[in-house]
Structure formats: C-alpha cells, structure tokens
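Produce the entire structure from the sequences given, and follow the hints as far as they go.
Residues per chain, in single letters:
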Amino acid sequence: MADAPPQPLLELKGLSMAFGGLVVIDNLDLVVNEREIVSVIGPNGAGKTTLFNLITGIYRPDDGEILLEGNSLVGLPPHAITQRGVARTFQTLRLFLNMSVIDNVMAAQYGKTKVDIVRSMLRTPGWWKEERQIRARAEEKLSFFGQRLMGYRWDQPAYSLSYANRRRLEIARAMATEPEILLLDEPAAGMNPVETHEITELIGKLREEGGYTILVIEHDMHVVEGISDRVVALDHGVKIAEGSFEQVATDPKVVEAYLGTKATATK
Amino acid sequence: MSETPGIPAPPEEPSEEQASRIGVDSWVAETERHGRGRGPLWQLARLWEYSPDPVKLLAFVALASTVPFWTNEGDLFVFGLFTLLYAALGLGLNVVVGFAGLLDLGYVAFFGIGAYTYAELSSSQYGIHWPAEATIPIAMAAAALVGVVLGFSARRLLGDYLAIVTLFLGQAFVFFTGVANPTVAGKGLTGGANGIPQLDPLTFFGYQLTSTKQLYFFLLIVVTLLATALYFANQSRTGRAWRALREDPLAAEVMSIPVNRLKILAFVFGAAVAGLCGTIYAAIETAAVSTNFSVSVLIIIYAVVILGGFGSIAGVFVGAIVINCTLEFLEPQNDHPEVKRWLFYGTIVLLIALLKPWFRPVLVLAGTIAFGFVVHAIVAATTAASWTSGVPVSGASWLARWAVIPTGSHGNFNNYLYIGLVVAVVCTASLKGWWRMIALVPTLYLTALVWENMLTQNGGITAFILFGAMLIGLMTVRPQGLLGTARVEIV
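Keeping their order, the protein sequence lines are chains A and B. FYI, my numbering numbers position 30 of the first sequence as 30, with every residue one higher than the one before it. FYI, my numbering numbers position 360 of the second sequence as 1360, with every residue one higher than the one before it.
In case anyone wonders, no lab produced these hints; they're calculated from the structure. We treat Cβ as the ideally placed atom computed from N, Cα and C, and that holds for glycine. Where hints are given, some of them may not hold.
[What the hints assert, rightly or not] Which residues of chain A face chain B? A few of them, derived with a C-beta cut under 10 Å, are:
id	residue
1	His79
2	Leu95
3	Asn104
4	Gln109
5	Glu130
6	Ala174
7	Thr177
Shown next, in the form of structure tokens:
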C-alpha cells in the first residue's frame, strides 16, 4: 500500500485532570494516527494509567478534549466509549475470573450484538444466528494467540490460567469489543523474558494482522524499543518528550525524570 | 536479571503429539474430575454433573408429576404446592441476587404487589372479576413498573444502599397495605389488617382451577416454563453480561456492557417474576393479607436461594424442597409429628458426623446417649417423681427414660435450660481438641432437653434455629451452596 498521509484516530487536546490539588494530567496534547503504535513511558505516578482512565471514560477530564475520529468522547459513559471503538486492558488484571475463558471473550461482545433478552428467552432464529457469530468471533480472537489459549482451555475458568495467559486473555477480551484503538496498560508486566519477547511480537502482529491502532504503556524498554513508532514520555502529567525511541531515550529531560539530575544526585 | 542475553528465541510450536503432554494442567483437571471418590454418593454427584441440563429438568418434572398420585390433598397443598411456589420465587430472586449480584431486600414487596393486584381485579372487593389471563400480565407489569421506578431512582445507590432502599420498600409495602389502607371509591383499598378475602379462583378462558391437583399442575407448568426461560436468558449475551458485572462491574463497563441498565433489567425481571408468583399465591390462599409479605417470608426465599447456591437454577429447586418441607414438618399443627423429631435429631447427628476422624462422632454420640441415661438415673434417684414423669410429645417411650422432662411447673427450669445451653455452646466453641469433644456431650444433651421441653411446642422458632444450624453447617462444608459453583478470588 502506498503511503497515505497519516489520519489522526485519537486526539487529545489540552487535557487536564486533578485530584483535589494534585494535578495528574496537565494540559496534555497527544495524537495517535491510524495503525500507529505509540508508547507512553514515564516514572511511577507520572499519570499514565490516569490518561487511560480519562480516555476510556472512567474519569471525566477537568478540561480539554478527547476526539476519536473527530467525535468527542468527553462525558460519555465507559461502555459507550468502548462501543465507539476504544478498548483497553488493565495494569492489574481485571478478568471475569469465575467465568470460562471463552465466556470472557464472548461477554465483551455485548456492545456489538443486539438480540434482546425476550428473544433470547424464546431462542428465536435470530438468537441462534447471533450466538453462533459471537462464539465464532470469540474463537477467532483466541486463536490469535497461537496454541496459548486454544482447545481445552476455552472451557476452563479464567482463574486457572497462568499469569501470562491471563494477560493474553485480557488482550483477547479487549479485541472482542471490535475496537479501532487498543489501549494496553503494561502488557509485559510480570512476564519472563521469553513471554516478554512473545508480547513484543504479538503487539506487532496486532497491528499487521488485526489492523488495530495501539497506545501502550510499558516500562520494559526492550518492548518499547521493539514496538514503537513513536514514544511519548510523561512526568507529573506533563509531556516532556515525544519522538522516536532513540530521541526520547536520550532526551536529557527523560533521563532526569527517571534518574534525577546530576546536580541533585551529587548534592 | 544480571545477564541480559539479548532476547531469547520464542519456543517452537509444539507438535501434535507433544501438545497433550505439554498440557499438564489439562491432564490434572481430567484426573481430578475422574479420579476423586468412589462411593455411591460420589457416583451420584458424577451422574448429576454429566447429565445435560434439559435431562435434569425433565427428570424433575417427571418426578414432580407423580407427587399428586401418592399424597393426600392436604399434603399436596402444603408440601407440593408451596414447594413449587417457593421454587418460582427463588427463581426470580436468583436472577437478581444470583445472576446480577444485587442485594434486593424488597423482593417480597413485589410478591405482595402481584397478590394485591390480583385481589383488586379478581374479587368482590370492587366487583371486578377479570380472568387470570388478563390479571396475571397486569400484575406482572405492575410489579415490574414499581421495580423500574425504584431501580431508576436507586441506580446511583446500587450496592449496599440498594439493600437499604429495597428493605424500606418492603416495610413500606407492609405498612401501606396493612395499616394505611387508603379509602378509594368508598372502600379501604387494601382491606387493612384483614386483607382482601374471597378472591376468585384462577380462571383461564373460562376454565377454573379450583382443586389442589389442578393448581399443582398449573404451578408445575409455570415453574418449568420459568426455569427454561431463565436458563435461556442466562445462556444469552444478557446472561453473560450479568455474570460479568457480578464479577467485576468496572471491567464489565469498560468491556462495552452498560452496567447500570443491566442491573435495573435484572431488578425488574425479578420484580415481574415475584409479581407472577404473587397472583398465584393470592389465588391459592383466596386472600391477600399484608402479613404474608413480611420480612420472615423474605428470609425464607433467601434461604431457598442460599441453600441451593446463588446462580444455580437447579439449586433453587433443591433449596425449595428442603426449606419448604422442613418448614411444614415443623408446623405445630402438622399431621406428622414424628417427622419433626427425626428432622431435628437427624440434623444434629449429620452436623456431628462432619467431625474428623471418623471415631470422634461415634464416641461423642455414644457418650451423649450414655450421659443422658446417667443424668436421668441420678435425677430420678435424688428428686421428686414429678421431675422425671414427663412424656415427650408423641415420642418413643425410651426417650422418657433418657431425657429429663418434668411435668407441671418447675420454676424457671426451661429458662435455665436455655441459658445453660448457650453457656455450653460458648464453652464448647472456645475449647480445643479432645476437650471440645468432651464438652460436646453435655452440650448435645442440653440441646435435646431444650428441644423436648420447649421447642416441640413451638415449631416457628425451631424452624429458624434449625435453618440457622443447617446454613452454618453448609457454610463450613460448601460455602457456595448445595449446587452452586465455588468462586475463586486471586489475590
């Protein structure tokens, strides 16, 4: 495909959020273009997860705009935002632990399906048709992870999965909402080097085969280097650097945010 | 990690025959499912686990259809009819509490709304005699409408506050119907404390259901349809969304599930089912009386659902059978007084039998029996004859030689028994090991004395004490209820 000019998918304009007197996100501008992978990095407490909570509607920003394909998302309830095409995973896993693996993925298709409860109770042909679609879509999303979430695992409860598989299942569940953009909150946290490598490849595959645009929070610099088209560094809610991985990683402000300045270090 | 060996290569795809070997946890799961236990009880549990759900329902319906042919009219009324009614009520509550996880304490008010709606529209109260095919949908709609109004006003209060608001609704309903009784069209709307009497029998398209047998089969059809519909609802996208929001409301909301709307839907659903039950109940009793919709009824419905296991449709049936039959057996005017005693001692022996290792319960029970005879002999030898001359209510004669049952008044003997029992229970609970086993012996004997001297006279109290003991026992063994699924939290 020839290089078309990048279309902005998600735009944040002058976004601000404070908890009481504590400013967590301060006048943040950010653009994520279609089919781009953008990483958000920053020290703990920089406001990365708050940024995700603002985009997905869990918090309402004090000020600023959040636009998805030009339409504002501010003030919509989270489920409506997800239905418009924003899906996320959680840093601390929040699976439906006592539901089966496939039920987790099927449940997330609620917003994209229509058959109401009366038709479900009567098991109309429409219910059968849609239920088959839901099941097929769930299997398709799970097969995205190779052998990891296949076969006998479908009917096992989610709590029986290994930690890494639970992280994968969260991504599968987010994919099941059929989003435009995936927000991944530390997808490689707590994984061993092999699994981290797999996640890096997977995120690339999500874009290439899944066609998703991806905004990812990550601490593991190998992952960030491996996947990012662009890296944004946050500190105390302010964007302190943006650009390619090399540019951001060597930016003195970023080094300072992570390690402190030389002057304060020697004092 | 000190050595950073770059990024290691990903593992190779497992080959076909390797795959099953690698899935060690699948092997473990399989073995656990097949290997545990060999006893007949376990076989039964496995048979249950492996039979498909429609087969279970059919088996229940087949068994339940035979009931009218081997019970008399009175037994069919109190055991058959009311078990089915509690099952239907439990099914509705199960949607609210079991599927969606909402603590709805006003459930019984919706039951009452159904009953009173039927009473207004099918009785001589206002001379309206509409047939059931019209009143039942109206009653369900009325209950659902109140549910919608309450659900919307309380949608910010979902959670613990919902419990309080709905409990208030329940109390307000009892007060409104029983005491307030506003005058409408020259007549008290709800008939006050006496309620509305002389309701029409259920009439469908000119066909009247009057005999207990007819009502029983009608209710059986209703319960079967209800269970099927709710089972289907649970298997749909709505059911999955309910389970998801019960697991984690925030995650459900972010996964495109409109959590508040679905909670209200479950709430309204439960209200409509309760309304349906209300109409049938009113028709069975041929009256609507406000005290029938009080908190004690709510507790029984909750006990049905808790005993069966939240979220389990089959569990509701088991819970309804156990709870209703126990309740009815314990009624003072019950025709089967000997069953009462069996139930009481049976429950105690079952609870004791849970002790491990196996010889402990044997020793404790043998000790209790011996202890009783010894105490009885001592009391008989040292005190006046009136202390031991009592006869147990409709009991075996050997009981009179085991339990100390005085005749006539002996001061505060009964009250001392009660206090003694409480002290003994506290002591037993605070002791450990063999001391506890030893303390159990007098505790059990005191329990038996309290039962023989007081509780047989008062079935209502006994029923609730017994339910308490049953639920405590159940909590220890199966916290998820008889047929519920254990929930796992990962910390």
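Structure-based check of all given hints:
no. : hint   : result
1   : His79  : 5 Å, holds
2   : Leu95  : 7 Å, holds
3   : Asn104 : 8 Å, holds
4   : Gln109 : 7 Å, holds
5   : Glu130 : 8 Å, holds
6   : Ala174 : 8 Å, holds
7   : Thr177 : 5 Å, holds
No hint from the list above goes unmet by this structure.
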